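Since chain A is already given, all that's left is putting chain B on it; use the hints.
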Amino acid sequence: MQPSHRSILRVAIAAFVCLGPATMETQAEDWNTHAEKLAQKIVAHMGSRKTATLAVKNLSSLADGDVAQVRRALRSELLRQGMRLVGKTRAAAAIQVTLSENFEGFLWVAEVRHDNTQDITMISVPRPEADTFLPKSETLVIRKSLVFKQEQPILDLAWLESRGQPVPRLLVLSPEGISLYSKQSPGWRLEQTTPLARARPWPRDPRGRLRVHADGSFDVFLPATKCVGATDAALAAECRASKEPWPLDSGGPEGAHAYFASDRNFFDGRLTIEGGQELKAPPFFSAAPIPEKGRTSWLLGGADGRARLFDRKPEPIATFEGWGNDLVALKTGCGGGWQVLATRTGDLTQTDAIQAFEIHERNAVAVSSPMEFPGPLTALWPASNGSTAMAIAHDLKTGSYEAFTLSVSCAD
Amino acid sequence: MKPLLCLFLALTSGLSAVSSTRAATRPRFGGTLKVELKQRVSSLNPHDGQGVAEVESVPRLRALVYDRLVRLDANGRPQPALALSWEHDTQCITWRFKLRSGVKWHDGSLLTPADVLAALEGAISDRPLHAVGDTLEIDAGTPWPDLPVYLATAPEVFIRRKSSNASETLGTGPFRIADWQPGRRVVFQANDDYWDGRPFLDGIEIEMGRASREQLMDLQVETADLVELDPSEARRAQQEGKQIWSSASVELISLRFDPARPKVQDRRLREAIARSIDRSAIQKVLLQNYGEATGSIFPHWLSGYAFLFPTGADLDQARKLRAEVGTPPPLKLGYDPDDTLARQVADRVAVNARDAGITLEVTPLPTGWRGLTDRGVDLVVLRARIEGPTLAEAVPQASAWLQFSTGSKYALDEIQAAERRFLGNFAIVPLVSVPALVGVGSRVRNWSPTRWGEWRLEDVWLETVKP
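Line by line, the protein sequences give chains A and B.
Taking our numbering, the leading residue of the first sequence gets 3, the next gets one more, and so forth.
Taking our numbering, the leading residue of the second sequence gets 4, the next gets one more, and so forth.
Looking at chain A on its own, in the form it has when it is part of the complex:
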């Protein structure tokens, strides 16, 4: 039975109640610390004067709530350090604090005016990290769950089978190498990392695929390179130059694979589908199987920006425009049983979104609202179970790379 919309909302609210206030408390402590520093500098400039007016102005991107907290913290610190904040007629000095900002962070500037002179002092305040928890009630059709994040690009990510391990473990594929993490709440602990040797420079827009086996061994598919590795005793990987095709691991027909161009970011168009049949299509970035009426067609996200549907013949049977280049197909049991998740058009300077479509009779129909991401999606791969996908987004605000598990749920 699918969880109800209301129960999911309750969980989301409960999570926010648990996580949200703690995050806010930490920020308040930070403001207090910086307010104390600025207050000390102001008091130093006041000399023997003990009475002042205080005005706080905001020129920065701080939200109103934060400005109010800073104002309170500053007042409180000045009072604690022996100042008395009074009206204009009784004040020996006027303190004007401006919450400003520059490229590197916030800047709190205090102007202390007295006896026709003006002293200026300031402190730099680092910008707080973006919240990692975004309380929102998600639609039931596409669900995303943040699994992992790091500063370096992520090409792919896969869970390892538990095999008696006490905590979940993750393999993360990056251009620098492959890393093994174990769960250590609330985050992940890096256990080991091993570089992946390549004879050629990475192509611009590097892509890679990770395939994990039940025994803990894994394959890594990179442009013109294949690596095999193991995780049982210690993390190890050996790489060699290779033109071996990449699996399309979609949960669709066994053995579907495609050849990746050596120094580029796309598949060169050669595709082997069910029954070993070879298909030659224009170069494409991604591929998704579309089972319908006992047959499987292939939807290819073309390198020319068009998505084409192929049915075992070299000529496409349908062409779709207006999607981004990354597609996956998920087997959900909802609606027609399979949905295609497609990214939005745009480039790396823009945020991205995923939307679910169904392909019926060579027509694409949107069946979900777009699910937004904090930056462009840099990778979208189907999981081996065929019912979830892994999406990697580059958060434009923080610069970090975030891995999400995507799934599709039936609406009530």
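Just so you know, these hints were derived from the structure itself, not from any lab.
Take these hints with a grain of salt, some might be off.
[What the hints assert, rightly or not] Output of the computed footprint for chain A on chain B, the stretches with three or more beta carbons under 8 Å from beta carbons of chain A: (1) 114-127; (2) 388-394.
[To be verified] Just the calculated beta-carbon pair ranges, DEER-fashion: (3) 243(B) to 324(A): 24 to 34 Å; (4) 240(A) to 196(B): 42 to 52 Å; (5) 142(B) to 117(A): 20 to 30 Å.
Nothing here was measured: the structure is a model prediction, and the numbers come from that model.
All C-beta atoms in this analysis are idealised placements derived from N, C-alpha and C, irrespective of residue type, glycine included.
Positioned in the frame of chain A, the structure of chain B alone reads:
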């Protein structure tokens, strides 16, 4: 002598050495980007002494051909380039940079630590350098916590060497020069073996010395993909629906009084002129609302405290000061004859000064004025490139252009205090800070220059190109 024990702290290691990944719509390989520049660049060699007009364009072209040890990300943070990682002692005096292996010069030969040493010898404030295995060691002499930022931005620290025929200079960058016509045209070709991945573009063609108006026309008829525009052309292009990219303010337009000219020795006269100027009108009308009126040297996005310097005109105070001075003789206000905007600013300043009872005769500067000690004018409209990307980097830029000094103090308080003292003399009067304006053609994708105006053409790709 006691052995000197230094604690080396690993600062950065294993940071991303690969260009950022992309998607949504994946980039396409192929095509030639057509770029036009206002300036004429005669040489990419930093030792060939560029004219001021070339200062903006030369780093852009150099960055296509030459690499650095370090580069900055969009947030101004140092990232590995030819150096994979770096560490320093606790005082940030001795630095060690681990060099990337497998990098090739454009002639196919491998870059060696000795090559890097030779390229940087004398370029890092004449500090001693040593290559130890695959590590470059720099003795900064004094604490230098921002050395990586310096290596990422200073004009002389590119990695290059003479080719075997000594007529050209080799680089390791994403493009190589295919055709070079100094001051007129340059064609770049993609470096297939670039260590950070071959660029998406096959090539870049750059036409130099094109006036803003001509560049706008070329953008309109789509014979150019990237053009540099003056504010009036940029506004027109924007109204026509073209994409206009604007950097943060990276150039300061100011008035500079000649300290050797007797007529402007009286500080009150300089202040009177300063207080008469309506900066807001210059920004709204002449800059078409681009940039900002400013009373400070450093733009607000760099300092965060530009608001402390007033920008409003005070005609009453200007007249009062002028009255104290008496009736000043007419002063000569010079402008660069090749700079239309400078002429317009000079005219506007003269109008404002007249309202305060001061006569300024606007006159073009003589040919070769930059090299002259006596330019025959009492004050000039000056353009100064102050682009950061950090305040610490901006201070030496201000020093080079305006003779501003903090006396080697780089704390924010101290820079601000030094700026107040410097501007309090009214030898320099900041007027407006101006962004770089680029018209972007319809087929250009992934156009993502940095905030301070650094172009990243290796990341650009062109729509409608079939792979």
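Hint check:
1. Residue count for the stretch 114-127 of chain B with a Cβ under 8 Å from a Cβ of chain A: 0. That is fewer than the three needed, and the coverage hint is violated.
2. Counting residues of the stretch 388-394 of chain B whose beta-carbon sits less than 8 Å from any beta-carbon of chain A gives 4, enough to reach three: the coverage restraint holds.
3. For residue 243(B) and residue 324(A), the Cβ-Cβ distance of about 25 Å falls inside the hinted range of 24 to 34 Å, so the restraint holds.
4. The supplied range of 42 to 52 Å is broken by residue 240(A) and residue 196(B), whose beta-carbon atoms lie about 25 Å from each other.
5. At about 49 Å, the CB distance of residue 142(B) to residue 117(A) disagrees with the hint of 20 to 30 Å.
In summary, the structure is inconsistent with hints 1, 4, 5 from the numbered list given earlier, while agreeing with the others.
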